[in-house]
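Enquirer: Here are the chains, one letter per residue:
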Amino acid sequence: MIASAPRTMFEKIWDQHVVHQEPQKQTMLYIDLHLIHEVTSPQAFEGLRLAGRKVRRPERTVATEDHNVPTSDRHLPIADPISRQQIQTLRNNCKEFGIRLYDLDNVKQGIVHVIGPELGLTQPGMTIVCGDSHTATHGAFGSLAVGIGTSEVEHVLATQTLLQTRPKTFEARFNGTLAPGVTSKDLILYLIGEIGTAGGTGYVLEYTGSAIEALSMEQRMTICNMSIEGGARAGMIAPDQKTFDYLRGREFAPKDFEAAVANWKTLSSDDGAKYDRVEIFDAADIAPQVTWGTNPGQVARVDSNVPDPAAMSDASERKSAELALEYMQLKAGQSIESIEINRVFIGSCTNSRIEDLREAAAVVKGKKVADSVHGMVVPGSGVVKKQAEEEGLDAIFQEAGFEWRDAGCSMCLAMNPDKLEPGQRCASTSNRNFEGRQGRGGLTHLVSPAMAAAAAVKGHFVDIRNW
Amino acid sequence: MQSFVKHTGVVAAMDRSNVDTDQIIPKQFLKRIERTGFGEFLFFDWRFHPDGTTNEDFELNRPRFKDASILVARENFGNGSSREHAVWALDDYGFRCVIAESFADIFYNNCSKNGVLPVVLSKDAVNRIHQSVAAEEGYQLTVDLEKLTVSDSDSLSETFEIDSFRRQCFLEGLDHIALTLQHADKIDAYEQSLKSV
Ligand code: SF4
Numbered sequence: 001m002i003a004s005a006p007r008t009m010f011e012k013i014w015d016q017h018v019v020h021q022e023p024q025k026q027t028m029l030y031i032d033l034h035l036i037h038e039v040t041s042p043q044a045f046e047g048l049r050l051a052g053r054k055v056r057r058p059e060r061t062v063a064t065e066d067h068n069v070p071t072s073d074r075h076l077p078i079a080d081p082i083s084r085q086q087i088q089t090l091r092n093n094c095k096e097f098g099i100r101l102y103d104l105d106n107v108k109q110g111i112v113h114v115i116g117p118e119l120g121l122t123q124p125g126m127t128i129v130c131g132d133s134h135t136a137t138h139g140a141f142g143s144l145a146v147g148i149g150t151s152e153v154e155h156v157l158a159t160q161t162l163l164q165t166r167p168k169t170f171e172a173r174f175n176g177t178l179a180p181g182v183t184s185k186d187l188i189l190y191l192i193g194e195i196g197t198a199g200g201t202g203y204v205l206e207y208t209g210s211a212i213e214a215l216s217m218e219q220r221m222t223i224c225n226m227s228i229e230g231g232a233r234a235g236m237i238a239p240d241q242k243t244f245d246y247l248r249g250r251e252f253a254p255k256d257f258e259a260a261v262a263n264w265k266t267l268s269s270d271d272g273a274k275y276d277r278v279e280i281f282d283a284a285d286i287a288p289q290v291t292w293g294t295n296p297g298q299v300a301r302v303d304s305n306v307p308d309p310a311a312m313s314d315a316s317e318r319k320s321a322e323l324a325l326e327y328m329q330l331k332a333g334q335s336i337e338s339i340e341i342n343r344v345f346i347g348s349c350t351n352s353r354i355e356d357l358r359e360a361a362a363v364v365k366g367k368k369v370a371d372s373v374h375g376m377v378v379p380g381s382g383v384v385k386k387q388a389e390e391e392g393l394d395a396i397f398q399e400a401g402f403e404w405r406d407a408g409c410s411m412c413l414a415m416n417p418d419k420l421e422p423g424q425r426c427a428s429t430s431n432r433n434f435e436g437r438q439g440r441g442g443l444t445h446l447v448s449p450a451m452a453a454a455a456a457v458k459g460h461f462v463d464i465r466n467w
Numbered sequence: 001m002q003s004f005v006k007h008t009g010v011v012a013a014m015d016r017s018n019v020d021t022d023q024i025i026p027k028q029f030l031k032r033i034e035r036t037g038f039g040e041f042l043f044f045d046w047r048f049h050p051d052g053t054t055n056e057d058f059e060l061n062r063p064r065f066k067d068a069s070i071l072v073a074r075e076n077f078g079n080g081s082s083r084e085h086a087v088w089a090l091d092d093y094g095f096r097c098v099i100a101e102s103f104a105d106i107f108y109n110n111c112s113k114n115g116v117l118p119v120v121l122s123k124d125a126v127n128r129i130h131q132s133v134a135a136e137e138g139y140q141l142t143v144d145l146e147k148l149t150v151s152d153s154d155s156l157s158e159t160f161e162i163d164s165f166r167r168q169c170f171l172e173g174l175d176h177i178a179l180t181l182q183h184a185d186k187i188d189a190y191e192q193s194l195k196s197v
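Residue numbers (the working numbering), protein chains in the order written: chain R, 1 to 467; chain D, 1 to 197.
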């Protein structure tokens with residue numbers, strides 16, 4: 001009997017959402033929650049209009065403005081007319097199709113992957129999609145959350161379903177405990193360094209083990225967020241008491257909460273469930289990580305050196321590393337701690353939640369950002385910002401010399417004036433160090449919030465374990 | 001969407017792995033609300049210097065690739081951001097097909113919604129194509145989706161795989177949404193079952 005065979009959490013959620021399946025074809029999955037934003041939705045709505053289609057379940061779609069919004073001077077109109085038009089288009093579309101929107105004037109506005117959990121929209125067992133590759137973030141709650149393209153956004157709007165090829169399952173188990181100063185950001189960068197940026201392609205990752213169980217919900221979100229950087233379609237973590245406690249009382253949490261919890265408790269992978277691939281790591285082996293290259297897999301321990309491409313046996317890896325070092329203006333063999341930075345960005349859907357800000361504030365409290373460094377802190381949502389201000393974190397950052405901004409994606413993708421100038425080197429808590437990601441010619445090093453904060457004070461990378 | 005049955009065209013080679021969608025279409029062009037007109041921005045930061053002049057060193061700027069309609073790269077093409085603008089840009093620039101050792105998932109999906117055929121070939125086959133492009137100006141390939149083959153006028157003849165549903169959509173240029181809506185009764189039934197729990 002299939003029903004009695006042990007199943008992974010992914011399989012349980014997948015099976016529960018199959019609307020239709022024909023042999024040899026993609027599966028039609030029902031989508032519980034659809035999140036949209038201004039950048040990847042306009043063409044989808046336009047497609048609906050051209051075809052004379054409606055949004056099937058407007059109440060299952062929620063919109064916010066995040067990618068292309070200013071993070072300062074919000075009282076002024078958006079300066080760039082094309083950005084302004086994009087925001088206005090989202091507002092018009094939401095109005096026309098009856099979709100709830102958290103706009104710039106709403107304190108609950110923020111980065112889509114920050115506000116979903118914050119509002120309690122994100123719940124265990126759900127299928128969640130968004131026209132954004134970091135949708136995997138929501139998997140931290142034991143949901144199946146995947147990033148999609150604009151045509152798929154249109155498909156979900158019109159049908160509330162998505163056609164998906166069934167991915168394989170990949171268990172990444174982290175036994176033991178993380179050392180003091182080592183964060184979930186370091187854990188996920190370490191994993192991507194181990195498996196490579198395409199190591200998870202075709203898989204859904206499930207993170208398991210005592211090191212994962214010990215993490216808070218926000219730390220878990222940081223891990224799931226970067227699943228896509230390892231190529232995985234989604235990342236998930238089994239829901240537990242921490243998940244339930246996080247959701248209880250949130251605005252959109254289920255009304256009959258206890259019944260929901262009873263149901264959520266059945267989601268975890270069964271004992272004996274089989275994964276297509278399993279990798280086991282010891283969390284104690286992980287040191288604070290710093291990327292040196294132009295993809296998140298090009299990463300090293302803070303207490304090591306920039307690697308030498310000549311020592312790499314794989315030709316394509318060697319070529320990538322050579323191009324990366326040239327772009328990053330780094331020398332093979334130089335120590336990571338010797339790399340000097342002049343910009344610091346604390347923000348993005350990876351690390352802009354309240355715990356991230358507390359962690360960074362604890363490092364800079366009573367200290368000053370180095371003269372050579374320009375630091376920015378961009379909270380993930382208006383709610384995070386407010387909470388931080390109530391705790392006095394804004395004062396700590398500003399006294400140290402950081403800019404304290406409004407919520408948005410900001411310099412994570414640098415669509416607006418928040419960006420690096422050519423040649424500027426940045427310690428960033430975001431998730432992508434691609435060429436030019438934070439501004440053309442900008443040089444990005446991905447790190448944890450505490451590592452970014454320490455680099456801001458010293459003007460170069462330092463091992464936070466010795467702070 | 002536009003159909004893809006069989007295509008013969010000049011091959012442009014990008015001898016790089018991990019070409020990410022931030023490079024294919026940089027973010028400053030994501031503010032547009034149209035689906036068209038992205039071709040001129042394809043690989044913008046690689047094609048043009050910061051002062052706006054053409055970067056002659058960049059592969060696609062070589063005169064011999066001017067009329068290319070097939071792009072061959074290496075591994076993990078299209079990784080990173082989900083932006084479908086990347087596929088719109090490749091399409092608008094004139095590429096009908098991209099050949100690589102592997103693709104990132106979301107990019108692969110996005111291609112199949114736009115009639116730009118993603119073809120996965122072995123490392124060896126991709127190597128051979130790169131060598132042929134280097135050796136012969138105007139080197140052409142024929143990609144045949146009915147026969148599932150990639151061949152040149154010489155000895156290269158490789159087969160590739162694609163799932164049968166996607167293949168049918170490509171061959172007939174089908175609209176995925178219309179296909180799904182043929183099953184509206186099943187979606188209705190599913191939604192009914194949600195209410196009853
Ligand atoms: S913060 Fe960055 S990665 Fe996250 S949704 Fe915004 S642009 Fe995407």
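A hint or two may mislead.
Claimed, not checked - Derived DSSO-like pairs (lysine-lysine); straight-line CA-CA distance at most 30 Å:
hint	chain 1	residue 1	chain 2	residue 2
1	R	54	D	195
2	D	123	R	255
3	R	265	D	123
4	R	319	D	123
5	R	168	D	66
6	R	319	D	66
7	R	265	R	95
8	R	25	D	66
9	R	319	R	386
10	D	147	R	95
Calculated directly from the structure, the hints in this document are not laboratory data.
Enquirer: Okay, which hints does this one fail, numbers in order?
Expert: Going through the list in order, the structure violates hints 2, 3, 5, 7, 8, 9, 10 and respects the others.
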